[in-house]
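Number of protein chains: 2
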Amino acid sequence: MNEPTARRRDVTVADVAREAKVAKATAARSLGGYGAVSDDVRQRVQAAAEALGYHANGLARSMNTGRSNTIGVIVGDIENPYFGLAMRGITDTAKAAGYDVILANTGEQLDAEIDAARVFVEKRVDGFIVAPASFTLTDHLSDIMHSGRPLVLLDRHVANLDDVDVIEVDNEKVAHAAAQHLIDRGHERIAFITTLELGSNPYQAGDELGVSSVSARVNGILAAMNTAGVDNSERYLRFGANSGSGVKGVTRELMQLEEPPTAIIASDSLIAMGVLGELRELGLTVPDDVSFIMFDDFEWATLISPALTVIAQPVYEVGVAAATRLIARIEGRVTGEPIQVFPAALVHRKSVAPPRVVGRDDA
Amino acid sequence: MNEPTARRRDVTVADVAREAKVAKATAARSLGGYGAVSDDVRQRVQAAAEALGYHANGLARSMNTGRSNTIGVIVGDIENPYFGLAMRGITDTAKAAGYDVILANTGEQLDAEIDAARVFVEKRVDGFIVAPASFTLTDHLSDIMHSGRPLVLLDRHVANLDDVDVIEVDNEKVAHAAAQHLIDRGHERIAFITTLELGSNPYQAGDELGVSSVSARVNGILAAMNTAGVDNSERYLRFGANSGSGVKGVTRELMQLEEPPTAIIASDSLIAMGVLGELRELGLTVPDDVSFIMFDDFEWATLISPALTVIAQPVYEVGVAAATRLIARIEGRVTGEPIQVFPAALVHRKSVAPPRVVGRDDA
Numbered sequence: 001m002n003e004p005t006a007r008r009r010d011v012t013v014a015d016v017a018r019e020a021k022v023a024k025a026t027a028a029r030s031l032g033g034y035g036a037v038s039d040d041v042r043q044r045v046q047a048a049a050e051a052l053g054y055h056a057n058g059l060a061r062s063m064n065t066g067r068s069n070t071i072g073v074i075v076g077d078i079e080n081p082y083f084g085l086a087m088r089g090i091t092d093t094a095k096a097a098g099y100d101v102i103l104a105n106t107g108e109q110l111d112a113e114i115d116a117a118r119v120f121v122e123k124r125v126d127g128f129i130v131a132p133a134s135f136t137l138t139d140h141l142s143d144i145m146h147s148g149r150p151l152v153l154l155d156r157h158v159a160n161l162d163d164v165d166v167i168e169v170d171n172e173k174v175a176h177a178a179a180q181h182l183i184d185r186g187h188e189r190i191a192f193i194t195t196l197e198l199g200s201n202p203y204q205a206g207d208e209l210g211v212s213s214v215s216a217r218v219n220g221i222l223a224a225m226n227t228a229g230v231d232n233s234e235r236y237l238r239f240g241a242n243s244g245s246g247v248k249g250v251t252r253e254l255m256q257l258e259e260p261p262t263a264i265i266a267s268d269s270l271i272a273m274g275v276l277g278e279l280r281e282l283g284l285t286v287p288d289d290v291s292f293i294m295f296d297d298f299e300w301a302t303l304i305s306p307a308l309t310v311i312a313q314p315v316y317e318v319g320v321a322a323a324t325r326l327i328a329r330i331e332g333r334v335t336g337e338p339i340q341v342f343p344a345a346l347v348h349r350k351s352v353a354p355p356r357v358v359g360r361d362d363a
Numbered sequence: 001m002n003e004p005t006a007r008r009r010d011v012t013v014a015d016v017a018r019e020a021k022v023a024k025a026t027a028a029r030s031l032g033g034y035g036a037v038s039d040d041v042r043q044r045v046q047a048a049a050e051a052l053g054y055h056a057n058g059l060a061r062s063m064n065t066g067r068s069n070t071i072g073v074i075v076g077d078i079e080n081p082y083f084g085l086a087m088r089g090i091t092d093t094a095k096a097a098g099y100d101v102i103l104a105n106t107g108e109q110l111d112a113e114i115d116a117a118r119v120f121v122e123k124r125v126d127g128f129i130v131a132p133a134s135f136t137l138t139d140h141l142s143d144i145m146h147s148g149r150p151l152v153l154l155d156r157h158v159a160n161l162d163d164v165d166v167i168e169v170d171n172e173k174v175a176h177a178a179a180q181h182l183i184d185r186g187h188e189r190i191a192f193i194t195t196l197e198l199g200s201n202p203y204q205a206g207d208e209l210g211v212s213s214v215s216a217r218v219n220g221i222l223a224a225m226n227t228a229g230v231d232n233s234e235r236y237l238r239f240g241a242n243s244g245s246g247v248k249g250v251t252r253e254l255m256q257l258e259e260p261p262t263a264i265i266a267s268d269s270l271i272a273m274g275v276l277g278e279l280r281e282l283g284l285t286v287p288d289d290v291s292f293i294m295f296d297d298f299e300w301a302t303l304i305s306p307a308l309t310v311i312a313q314p315v316y317e318v319g320v321a322a323a324t325r326l327i328a329r330i331e332g333r334v335t336g337e338p339i340q341v342f343p344a345a346l347v348h349r350k351s352v353a354p355p356r357v358v359g360r361d362d363a
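Protein sequences appear in the order of chains P and X. Quick note: the first sequence, position 294, residue 294 per the UniProt record's numbering, numbers continuous. Quick note: the second sequence, position 201, residue 201 per the UniProt record's numbering, numbers continuous.
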């Protein structure tokens with residue numbers, strides 16, 4: 001029964017002892033699996049515990065064993081299929097090693113991440129996997145490390161945590177390759193759309209952004225454009241696309257410029273859906289009116305017409321590597337470098353073509 | 001530093017007391033916010049706690065207040081965007097009410113659900129939101145309720161829990177409407193594909209399946225077909241589409257039958273992607289060769305050609321309602337019925353047309 005007025009009262013060791021007609025210390029020894037207890041007593045205590053629905057006090061148990069066999073994972077946005085797939089890699093690995101996984105979602109908000117870290121410390125997780133919301137504000141992550149709980153950063157590194165484990169993707173290299181591919185087809189006006197919020201200042205080339213994976217993408221795109229001699233290469237960068245008029249509003253604003261971009265790179269698959277939806281609203285066709293590349297590869301990208309050229313990240317493998325590394329840390333058997341960088345691949349399909357208005361001699 | 005050999009040792013109240021040069025009981029009163037403590041002492045204790053990185057012992061605190069302000073959510077598959085969106089409804093609501101949310105993913109495995117429930121009880125969550133993996137095997141859910149922790153079932157009801165709160169969608173009604181729409185356009189050979197595993201026996205009409213929302217869909221589809229006088233209406237039902245050859249294999253098997261279905265209903269958006277990908281592999285076109293309807297509505301469904309006719313569930317609202325109900329239970333201020341059923345809508349787009357081979361006189 002789920003009585004609204006029911007006052008929760010957890011069954012205690014004292015309750016079990018009373019039911020089993022043994023001393024409390026005896027019941028505690030039996031339930032905790034330590035000290036000498038006769039088989040008869042153990043059976044009576046076990047039966048009483050089951051009858052009363054006694055649940056081991058997780059904290060007390062973890063203070064005895066030093067472990068709760070639980071991993072805490074903190075991600076930015078579980079609606080982003082990237083994190084859903086990474087979570088499967090984490091949970092598959094954790095389960096095989098005998099660990100439970102509990103997850104918190106921050107909506108990419110630093111205060112929510114700090115709060116989740118506190119909750120997980122209170123819940124006595126054995127270790128953390130975190131996709132940090134901020135590149136620089138990491139005191140709470142430092143606290144985790146100082147408490148002796150292993151920490152592995154997922155998808156993003158941070159500025160000031162020495163020797164922290166990081167599992168990430170080489171975003172700069174693959175972003176450079178994507179931009180170079182567009183440049184090779186004749187594009188100079190290349191937009192990049194991310195939901196990452198910029199601080200109070202406008203973006204200046206070389207600025208370190210709040211999320212390292214996004215910084216790397218911007219750096220890779222701009223490097224390719226600068227090498228190709230494109231002026232004012234950052235003018236089509238768009239940040240904070242979830243706020244204000246949203247991804248659709250940003251897309252509209254870009255495409256209604258006097259000189260609109262001839263190619264768009266979307267920083268994840270959710271952004272991509274918004275961009276493509278708005279392009280259709282505007283009556284624009286990919287790739288005839290604008291070329292398009294998206295980070296991440298999910299099956300719908302091959303179902304739409306034209307099939308999308310994408311940047312395929314090894315997302316599941318990143319999750320597996322993060323959990324493997326964390327569990328090795330927890331169990332004190334770590335080898336290898338703290339930072340593992342996975343390659344990503346530019347997958348060519350049908351959403352890139354030369355721009356209508358060719359702006360370069362070599363196109 | 002993330003030293004592999006570091007032995008975790010949590011900072012205790014005794015450490016804080018020593019650092020602040022006060023008695024342990026005084027430090028405990030000050031940290032716990034109860035009893036009389038001078039401002040000077042409170043400031044010294046606070047400073048010591050911050051210097052040492054003291055984290056409140058969550059369990060001890062919850063034994064004082066009776067609450068941990070944490071909700072435990074257990075879902076079947078966080079890769080399914082349905083659960084991602086429901087989670088946003090839950091976390092938005094919980095955050096506004098001052099609760100943290102921790103999540104566990106079961107992969108629709110009962111043993112993983114039982115394990116997650118145990119972990120969350122040990123972690124002393126205040127209440128549970130669960131999308132149960134089994135309609136009948138619910139002892140662990142009964143245990144949760146008996147422990148006095150409120151429980152709200154999400155998306156699915158179960159057989160034997162009296163008075164449990166349930167937030168679900170009227171799947172039978174909307175599935176009936178979807179099948180009726182297909183029948184009205186002339187279809188008799190209607191397939192339904194779900195990843196839900198059947199038990200050891202073949203499906204018999206009227207069988208209660210392991211997940212109530214899927215049972216309701218099957219019942220709605222078969223009821224519409226039976227009313228329309230379609231014989232052998234269950235012959236195109238396919239269960240367990242994630243095992244064996246997967247969704248693609250099931251789709252291929254169906255379409256290579258001597259009498260293949262003329263319409264397919266996919267039970268979620270992940271299944272839909274697999275079906276559509278395989279239809280394309282087979283060189284079949286929607287809706288010319290086969291009509292198609294999918295449960296759930298995400299933006300890619302409008303980006304593909306043809307845009308998909310879908311069953312739009314109020315997923316975010318279901319999450320909000322589940323969290324609202326649970327928090328009301330936790331705080332002892334519940335009103336209204338325990339079961340809330342939300343309507344879903346059949347959204348007509350372009351993926352349904354009359355079958356090529358018309359099988360009915362009235363088509």
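Honestly, the hints are just simulated from the structure, not real lab data. Check the hints yourself; a few may be wrong.
Since the list gives no way to pick one copy over another, a pair counts as held whenever it fits inside one copy or between any two copies.
[Unchecked claim] Under the rule of at most 30 angstroms between Cα atoms (straight-line distance), these lysine-lysine pairs were calculated in the DSS-like manner: (1) 21 <-> 350; (2) 24 <-> 95; (3) 95 <-> 350; (4) 21 <-> 95; (5) 24 <-> 173; (6) 173 <-> 21; (7) 173 <-> 350; (8) 95 <-> 173; (9) 350 <-> 24; (10) 350 <-> 248; (11) 173 <-> 248; (12) 95 <-> 248; (13) 21 <-> 248.
Okay, the hints, checked on the actual structure:
1. 21 <-> 350: Classified as neither; 75 angstroms inside a copy, 70 angstroms across copies.
2. 24 <-> 95: neither (34 angstroms within a copy, 40 angstroms between copies)
3. 95 <-> 350: neither (39 angstroms within a copy, 43 angstroms between copies)
4. 21 <-> 95: Result: close neither inside a copy nor across copies, 37 angstroms intra and 45 angstroms inter.
5. 24 <-> 173: Close neither inside one copy (63 angstroms) nor across copies (55 angstroms); limit 30 angstroms.
6. 173 <-> 21: neither (68 angstroms within a copy, 55 angstroms between copies)
7. 173 <-> 350: within (22 angstroms within a copy, 41 angstroms between copies)
8. 95 <-> 173: neither (33 angstroms within a copy, 38 angstroms between copies)
9. 350 <-> 24: neither (71 angstroms within a copy, 69 angstroms between copies)
10. 350 <-> 248: Classified as both: same-chain Cα gap 22 angstroms, cross-chain 23 angstroms, threshold 30 angstroms.
11. 173 <-> 248: Result: close within a single copy only, 28 angstroms intra versus 34 angstroms inter.
12. 95 <-> 248: Answer is between; shortest inter-copy Cα gap is 27 angstroms, intra-copy 40 angstroms.
13. 21 <-> 248: Neither, since 69 angstroms and 59 angstroms both go past 30 angstroms.
Hint compliance for this structure: hints 1, 2, 3, 4, 5, 6, 8, 9, 13 are broken, all remaining hints hold.
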